[in-house]
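Undergrad: Sequences are here, hints too, so could you generate the full structure?
Protein chains in written order, with the working numbering: chain F, 56 to 450; chain P, 56 to 450.
Heads up, some of the hints might be wrong.
One copy or any two copies: either way a pair holds, since identical chains are not told apart in the list.
What the hints assert, rightly or not - Pairs of lysine-lysine residues, derived as BS3-like cross-links and limited to a Cα-Cα distance of at most 30 Å, are as follows:
1. K321 x K114
2. K392 x K442
3. K321 x K378
4. K321 x K450
None of these hints come from the bench; they were simulated from the model.
2 protein chains.
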Amino acid sequence: MKKYNTIKSTAIYIALLIISLQYSAIAQPQRPNPVMSPDVQADNTVIFRLRAPEAMSVKLGGTMNAGYAQLDMTKNSEGIYEIKIGPLESDMYVYTYNVDGVKTLDPSNNVVVRDGSNIESRLMIPGELTDLFDSQDVSHGNVTSVWYPSPVFGIARRMIVYTPPGYEESSKSYPVLYLLHGGGGDEEAWTSRGRANYILDNLIAQGKAEPMIVVMPNGSIGHPAAPNERSYSADTQTTNAMDFNSMNSGKYEESLANDIIPFIEKNYRVIKDADHRALAGLSMGGLHVTNTFMAHPDWFAYINVMSSGWFISDKEMYENGDKRLAEIAPKFNKTVKYLRFTQGGPEDIAYKNGLAMLEVFKKNNVKYEFSEMSGGHSWNVWRKDLKDFAPKLFK
Amino acid sequence: MKKYNTIKSTAIYIALLIISLQYSAIAQPQRPNPVMSPDVQADNTVIFRLRAPEAMSVKLGGTMNAGYAQLDMTKNSEGIYEIKIGPLESDMYVYTYNVDGVKTLDPSNNVVVRDGSNIESRLMIPGELTDLFDSQDVSHGNVTSVWYPSPVFGIARRMIVYTPPGYEESSKSYPVLYLLHGGGGDEEAWTSRGRANYILDNLIAQGKAEPMIVVMPNGSIGHPAAPNERSYSADTQTTNAMDFNSMNSGKYEESLANDIIPFIEKNYRVIKDADHRALAGLSMGGLHVTNTFMAHPDWFAYINVMSSGWFISDKEMYENGDKRLAEIAPKFNKTVKYLRFTQGGPEDIAYKNGLAMLEVFKKNNVKYEFSEMSGGHSWNVWRKDLKDFAPKLFK
Chain F
56 MKKYNTIKST
66 AIYIALLIIS
76 LQYSAIAQPQ
86 RPNPVMSPDV
96 QADNTVIFRL
106 RAPEAMSVKL
116 GGTMNAGYAQ
126 LDMTKNSEGI
136 YEIKIGPLES
146 DMYVYTYNVD
156 GVKTLDPSNN
166 VVVRDGSNIE
176 SRLMIPGELT
186 DLFDSQDVSH
196 GNVTSVWYPS
206 PVFGIARRMI
216 VYTPPGYEES
226 SKSYPVLYLL
236 HGGGGDEEAW
246 TSRGRANYIL
256 DNLIAQGKAE
266 PMIVVMPNGS
276 IGHPAAPNER
286 SYSADTQTTN
296 AMDFNSMNSG
306 KYEESLANDI
316 IPFIEKNYRV
326 IKDADHRALA
336 GLSMGGLHVT
346 NTFMAHPDWF
356 AYINVMSSGW
366 FISDKEMYEN
376 GDKRLAEIAP
386 KFNKTVKYLR
396 FTQGGPEDIA
406 YKNGLAMLEV
416 FKKNNVKYEF
426 SEMSGGHSWN
436 VWRKDLKDFA
446 PKLFK
Chain P
56 MKKYNTIKST
66 AIYIALLIIS
76 LQYSAIAQPQ
86 RPNPVMSPDV
96 QADNTVIFRL
106 RAPEAMSVKL
116 GGTMNAGYAQ
126 LDMTKNSEGI
136 YEIKIGPLES
146 DMYVYTYNVD
156 GVKTLDPSNN
166 VVVRDGSNIE
176 SRLMIPGELT
186 DLFDSQDVSH
196 GNVTSVWYPS
206 PVFGIARRMI
216 VYTPPGYEES
226 SKSYPVLYLL
236 HGGGGDEEAW
246 TSRGRANYIL
256 DNLIAQGKAE
266 PMIVVMPNGS
276 IGHPAAPNER
286 SYSADTQTTN
296 AMDFNSMNSG
306 KYEESLANDI
316 IPFIEKNYRV
326 IKDADHRALA
336 GLSMGGLHVT
346 NTFMAHPDWF
356 AYINVMSSGW
366 FISDKEMYEN
376 GDKRLAEIAP
386 KFNKTVKYLR
396 FTQGGPEDIA
406 YKNGLAMLEV
416 FKKNNVKYEF
426 SEMSGGHSWN
436 VWRKDLKDFA
446 PKLFK
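TA: As structure tokens, this is what we get:
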């Protein structure tokens, strides 16, 4: 570029700036001067602000408030609503404002994360935990959106595949973790809310986790892909609901076993045995995990069932589970090196289901580890859980 | 899964449903019953709805309204604000509500797109054009988030790489289009607002475009990656502004030439000559394009400068450009098979700059094609432009 240095002058960028500001003024809704929000203080208290001089009431909701409680914000003389909360523990939280009864993002914060139809502003409280969730100055794996043919469903479906740093340049084969999301989510949940790719980047960089491929498929049968990635023409644009009929088909587990795993083992350099195959999932994904390893007890040496369990009032589910576990226990115990169940404490709505299910595993002499974490049925638990179990895989 | 069919009963899914509804009720803000929005009618009029019984005023803004005008919505007896607009031409639009002075997404619509700090709800009006933007039942290329080392900046930076259907399975080499975003945007703009990957999927499936790799780097010097992908700890969380000082360095063009193109040519199977290298960009990205091909006149056989031009009051920029074009014209004309300039009509804020710049190209006997489209300085123009120029590449 040396010859051309003169033209790369301030003027170009000033021009651009003027263009951009003009455009902003012409084509976008009138925007007030920016306010700082969220404003994390040195002591990990946080001030949230929203300029809303015309609003009657503004509340702050978020995962940092117990039960996503809506806290009243106070309007100052400049028409800016404010609230200070905390100090908060180091973690990633999501939040929204409620302006005269309508949920809104924080316009001062351009980091938005999504789990299904929950679209929320992100808050990071610095510390050891969020250092692990953060995009650090380490080698990053590639994160790829891949469409794969699903003969089980007769359509193409979308998944996200994390390949560890070095995968593209090397010729070696890697182990694979299949990582499943919960009800209402989609293939983007584990990267958007879950920070799975950055957690793996950091654990691998620290030598704590083996380099592995992580496959994050879409487990919502009603849709082949995340909202912005599926056909708008085949979709009612406003539905956020799960498709109950299609969820009742049991086809997702069939698709995981017959479509997804074979596709990965054909198209990626993976080690194709149980010792190099792990399966984990949360909530609905935990049921997908349980159903899958009970159908294929010699496929996975590493398993994690997160915030899930058989429905406690469904006796048939327990009887069938008991019967099946008795059948598979010898083979399963021989294959599995690490079976983990996690619950987010008694406040996790899957807690009782999970504990009752574990009694059936115990009765059938299936070895497992149970991990109880505080935090409920929430991503705060599941991210920490990924951080804790990924280092135990493939060792 | 056959042996295990009994347990894959309705009960699991009912359990899941109950868990999910419980969770929804416990942990999320209270949500009203869903309303249908946007509700596209058979005649391409659209009804927008927002339940907001407590709001004093709700307005609809969006790119389907000239100048993103804010249109008043009317409250019905159920507390739902409504407006009917159109009929609209087949296209993709983005919109927001304004609730008592605060911009909000449409909570009934879970498709959200982003260009920099503009985070908006998506509207698709069915027709020939949006069929081309849609995720159709054709083979899809992979879309990969890749971090590459940037010796020029001394850090790693993120780009999005589209590999065409068949790339992973084949051993052949492909041509490459480098596709640059505008001021305030980032590496995700061309896939989120631009639908570039689906436009390419569809053009390739129809035999209209050659299979090609599309590289979409981050052209905002102040940040190495999109908001959710860069380090929160190195970033003031609330800044939406461009970094003027760093934009004044001219380093981005240097990084494109010395970091990005060499990285792609080393790590992907690409044909490494000018005939198989294309460069296109919009607004700020158009200046990046112009600066780059003027520094490297024999690198690209296909070029598109979209909604851009030298700042009309900056005489030095024009003098330097004139001088440099005189130097390079013979070599440039020999290399370039297709040079295209696009403007979004006189309402495009870059229109006068672009036309004045073209006079200098004409004076220096540089051959080009000029395309004027109605629609202003907008993604509606740039998406159509990609649809029109991609078929002209590498033929």
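Undergrad: Taking the numbered hints from earlier one at a time, note which ones the structure violates and give those numbers from smallest to largest.
TA: 1, 3
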